[in-house]
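What follows is each chain in one-letter form.
Protein chains: 4
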Amino acid sequence: MPELDQQQPLAGAPAARVLVAGASGFTGALAAQIVWRHPQLELVAITSRSDAGTRLDRLYPRYRVPLELTELDLGRVEGIDAAIVAYPHGASAPAVAALRERDVIVADLSADFRLRDRETYERWYGEHGAPELFGAAVYGLAEMYREELRGAKLAAIPGCYPTASVLALAPLAEKGLIADVVIDAKQGVSGAGRGGGDAMHYVTMDENAFAYKTEGHRHRPEIEQELAALGSNVPVTFVPHLLPLDQGELASCYAQLIEPISKEEVQALYAERYAGERFVRVVDRPPGLRDVRDTNDCHVYVTVEERGRVLAFSAIDNIWKGASSQAVQCLNLMLGLDEGMGLE
Amino acid sequence: MPELDQQQPLAGAPAARVLVAGASGFTGALAAQIVWRHPQLELVAITSRSDAGTRLDRLYPRYRVPLELTELDLGRVEGIDAAIVAYPHGASAPAVAALRERDVIVADLSADFRLRDRETYERWYGEHGAPELFGAAVYGLAEMYREELRGAKLAAIPGCYPTASVLALAPLAEKGLIADVVIDAKQGVSGAGRGGGDAMHYVTMDENAFAYKTEGHRHRPEIEQELAALGSNVPVTFVPHLLPLDQGELASCYAQLIEPISKEEVQALYAERYAGERFVRVVDRPPGLRDVRDTNDCHVYVTVEERGRVLAFSAIDNIWKGASSQAVQCLNLMLGLDEGMGLE
Amino acid sequence: MPELDQQQPLAGAPAARVLVAGASGFTGALAAQIVWRHPQLELVAITSRSDAGTRLDRLYPRYRVPLELTELDLGRVEGIDAAIVAYPHGASAPAVAALRERDVIVADLSADFRLRDRETYERWYGEHGAPELFGAAVYGLAEMYREELRGAKLAAIPGCYPTASVLALAPLAEKGLIADVVIDAKQGVSGAGRGGGDAMHYVTMDENAFAYKTEGHRHRPEIEQELAALGSNVPVTFVPHLLPLDQGELASCYAQLIEPISKEEVQALYAERYAGERFVRVVDRPPGLRDVRDTNDCHVYVTVEERGRVLAFSAIDNIWKGASSQAVQCLNLMLGLDEGMGLE
Amino acid sequence: MPELDQQQPLAGAPAARVLVAGASGFTGALAAQIVWRHPQLELVAITSRSDAGTRLDRLYPRYRVPLELTELDLGRVEGIDAAIVAYPHGASAPAVAALRERDVIVADLSADFRLRDRETYERWYGEHGAPELFGAAVYGLAEMYREELRGAKLAAIPGCYPTASVLALAPLAEKGLIADVVIDAKQGVSGAGRGGGDAMHYVTMDENAFAYKTEGHRHRPEIEQELAALGSNVPVTFVPHLLPLDQGELASCYAQLIEPISKEEVQALYAERYAGERFVRVVDRPPGLRDVRDTNDCHVYVTVEERGRVLAFSAIDNIWKGASSQAVQCLNLMLGLDEGMGLE
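Chains as they are written, first to last, in the working numbering: chain E, 7 to 350; chain X, 7 to 350; chain Z, 7 to 350; chain W, 7 to 350.
In case anyone wonders, no lab produced these hints; they're calculated from the structure. Check the hints yourself; a few may be wrong.
If we take Cβ atoms under 10 Å as the criterion, some of the chain Z residues that face chain X in the derived model are [said to hold, decoys possible]:
#: 1; residue: Pro45
#: 2; residue: Glu48
#: 3; residue: Tyr66
#: 4; residue: Glu128
#: 5; residue: Asp212
#: 6; residue: Arg224
#: 7; residue: Pro293
#: 8; residue: Asp303
Positions of the beta carbon are idealized from the N, C-alpha and C atoms, including for glycine.
Here chain E stands alone, though its shape is the one from the complex (with noise of 0.2 Å):
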């Protein structure tokens, strides 16, 4: 078999032994692939239960890891470190309990133990499948909560709309600025997964774009959360849209702001605020998703309109920044790790 199929050789022991759970999914698969080229991570396992007994780069050729999928047997989960979790919301949270139990680290990308609030996660999801974990994780951004995240044991990946959003409402939120916003937010057909029928066939999204969830996203409450954690409690009209293209989602944020700003000190105070971030760049036009496929970057343009309206956009990858990368940066951190490794 060609050497492209051999894992990078680690430099000396590994950090961590890395099972990723869930990996048929398209942000588990990439999870996989990453943690495969990482210098200091060895992938030992991953699993699926629809897809168990198929290699991974049989389902997805465009990812090169050239191991099998398997059941996950919480009984045999031995000599893992660390687990990343692509699980679908609420399926979740018992999963994780039990690697908890086995002290294995856990970056959850699923919604389980985004939200502080019992009441809110139950009126989104339903009953929580392991309240005694619930708020016992640290919010998965790296730029919000990065001493946090070091040492930490569980970490809840945001997705790809709270993490366009916040990232680029966040240097105004910490002020306290924000009035009122609005988030229109456009995604690529990747951020509805695998499966979908009719409604993500090449045909239906071909040439289409549209609006959905457009009564109430349970998305809302998370990202109204983090702006009132950062100082700006206030409430946040979201409404995401889908398009025809694979990876990206770009948030274009229209924010009221309690007193006037302008364009220059807002985006001076964008500047510092990231100035020391390295997956978040400060552009100076408003991005475009193919600037960032493929990437763990996060482009902000922030400006200030002819009606008085602060305009933030954001740019990631929704797989990649807003899920499976995302949750790299963060074992990163909870494993001790340079914060970027494996991710440039």
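Knowing the structure of chain E, use the given hints to seat chains X, Z and W on it.
For chains X, Z and W alone, kept in the frame of chain E given last:
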């Protein structure tokens, strides 16, 4: 030659002999195609400076118009009853004036006659090329100005952004209900027109999406003008985006109202307002661009989201209802024909 | 409701009352749409097992057919003169037989009646579901079997691959000139039909292209049958590919001839052969799929390359001329109507 | 500025200081990006006539090269060990000659040094710009000329069509088995390069596909030259097509053999031939373009179809393995580095 190349035989004498000026651009070529197939209009000339000498069905094989493009010679405009002018902003006004002097009925696709405030025009477009005609046109949105269009001699056809935005908001604006509105508009690449160089190269736009003209777009004052004319004199935040598809325009409108309204009330308001409109359909879920491609239709969905904002979404084909077929819709009214003739 | 929802008023009594069976698939839905707009056909019923109870314009908003899909009840087929059957291969034959027993004229989109050799049919499709009718159909390619189709009761409409391939090669085949042919066929995703799961997910097909069924495709014997019927009994190498677009079928044909021919001669041969065909246009450069989208047209280009092979390229819309509009073209002939009625 | 902008620190002194000339085109820009990230190459200059003064990461934000494009001044080529030249055919030869005079090692992406027969070159490309160097280059396909490339000073990197075609057919050609071959090649729009005007506008290519240069393409003699060099001096029919996607090249090859071969035999032959090649993978189903996007990989599938022809399919990324990453693969060999360095 195949019969496809034969113009539809007219039933009796044509209602009008039509010229399309600027027929080598996307909207001009489509206008030529629609006139060509129209049962009561006769396409007698198509003109273009850049492509004179070329047959239109060679330039655009998907349009079946076997006429040769010629240079417009205003001194020889004889036997022409009506014209659709698809010139760039600024270049249009003098040509329209010359045609009007020869008593040709004109549907103008440029912005030159849309605005009613001269100062606003000059701010965004520069000096006007036919000041004596400024303000003389009827705004070419049949759903708002139907009676004025009947028998009119000059119509200023709105572009896709104002068309989609005004149709999305008109029922609220007419009641004077709107306090403030954000319009996040998304458009296919055909909206950028021919040319464009690198920016519109397939490789640039493929898998891409981004906002543009975020500091101020010249369609914003036009939308404000029309909302005010309907009854809601309010500031508009308007941001256009480009999507990786050919034809389509989606306006996502976020309106704060002067007083709250329920989802049922607002949906009833829209249903009633558009009940008699054959080209506007109030739909029961957010419309997709594929639903309206290659048609003169506008699909509108309205709802109220959790935070109390009214959301209105409209989808049109940007070069049909947002330009060329809307011009024919207006021409039909101006000529006393059935409004939908040749459009269904 | 908008007038768009009204069926085109017929001029006088309809020529036929038409049923479309299997109208929830891509080709059945399009057939329903074409019949709906046809000036002399009345669409009286559309049926579907999987989507019974749904209105077709909800399932496919881009088609404007406001009828509800029902389950086909062959015991209640009354007042139906003609049917377009869009069932899967195998399932079609018994339904067609039942309709024929009730004297309904049938245009069948499946492969069940296309082949003339029973053994070949069984090899590729299994047991035939209506052996008494095997061989009873006229092959539904009007350009080859026009006279046989007039007044016929059962037509076997060829799919997009044989349609494009045979039209590309017919002028040569009729002269008995072909010695050997390679057909490299490329098709949009609509050709794979609804369903398809992961394989037809937007994410799978986006930015992708590949060959499939490389060891043998069941359309190969059908193409060989038709070339032989025209005069060239030769082996065909046929390989289909899938492209990242919705509608379109491009057949690139590489023919060795029995004797050399010049580019001028072969182009003259094609021009002459297709001079009277309104839906086949011999063009002077290789045709593009966009040129024929949403039409019943076939564009053909023929040339001779440096090494002496004749190259013939044909482009059609795979679900129009490659299926649904071709069925209506045949139905027109079967019913004694103008061949192109409702198709231009 | 983010650390992303920092070039990868080199481990010790760089193996070579590299210039990329013509770095504002698609392949030059990608070459710059690959060199930028290469662990043993130092990117010291990137040049462009048309875009001098612009930073490359502004022209192509997706590439993270923060260097400014400058005009190439051959009088000031100092401290440069190696160059990748991405000039148009014809323009390349004199620049390459000047670089070679200064003892710069060159990987040339143009066709200027690929052909070995001067007359053939002149027929397709006109007069040669550096006749003294004609024939002096090693053909830059490492899988065929690995030993010759080690230590070579000038490599003529084949384009995507010959690369994909020769890799698809080499195992057969080396055995002298091929009697005749048809190559139907399909390429994404990036292959057409920047510029292109209307022809490469998003609107032109969207939902489109077509053949071009059907009467003779200049890559045909190059493919014939290389098949002959391998052992099969046979005429090639070669037809390129353009597909609606960005990056990718699929060669579908239809070969008549001198003697029959079974599917098992031919698959064993390919498996054996490519067993040691790290960038060629023999796969067990027809390869898709997505499988190889953004990689230096070539996926090959071979089989025998019912009529006895051997079918060989190869997929590469046209601007990676078909141009820029292949240039770096060759440069690695020329410089004595590991062949795959910086490419995995």
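Hint by hint, which ones does the structure fall short of? 1, 2, 4, 6
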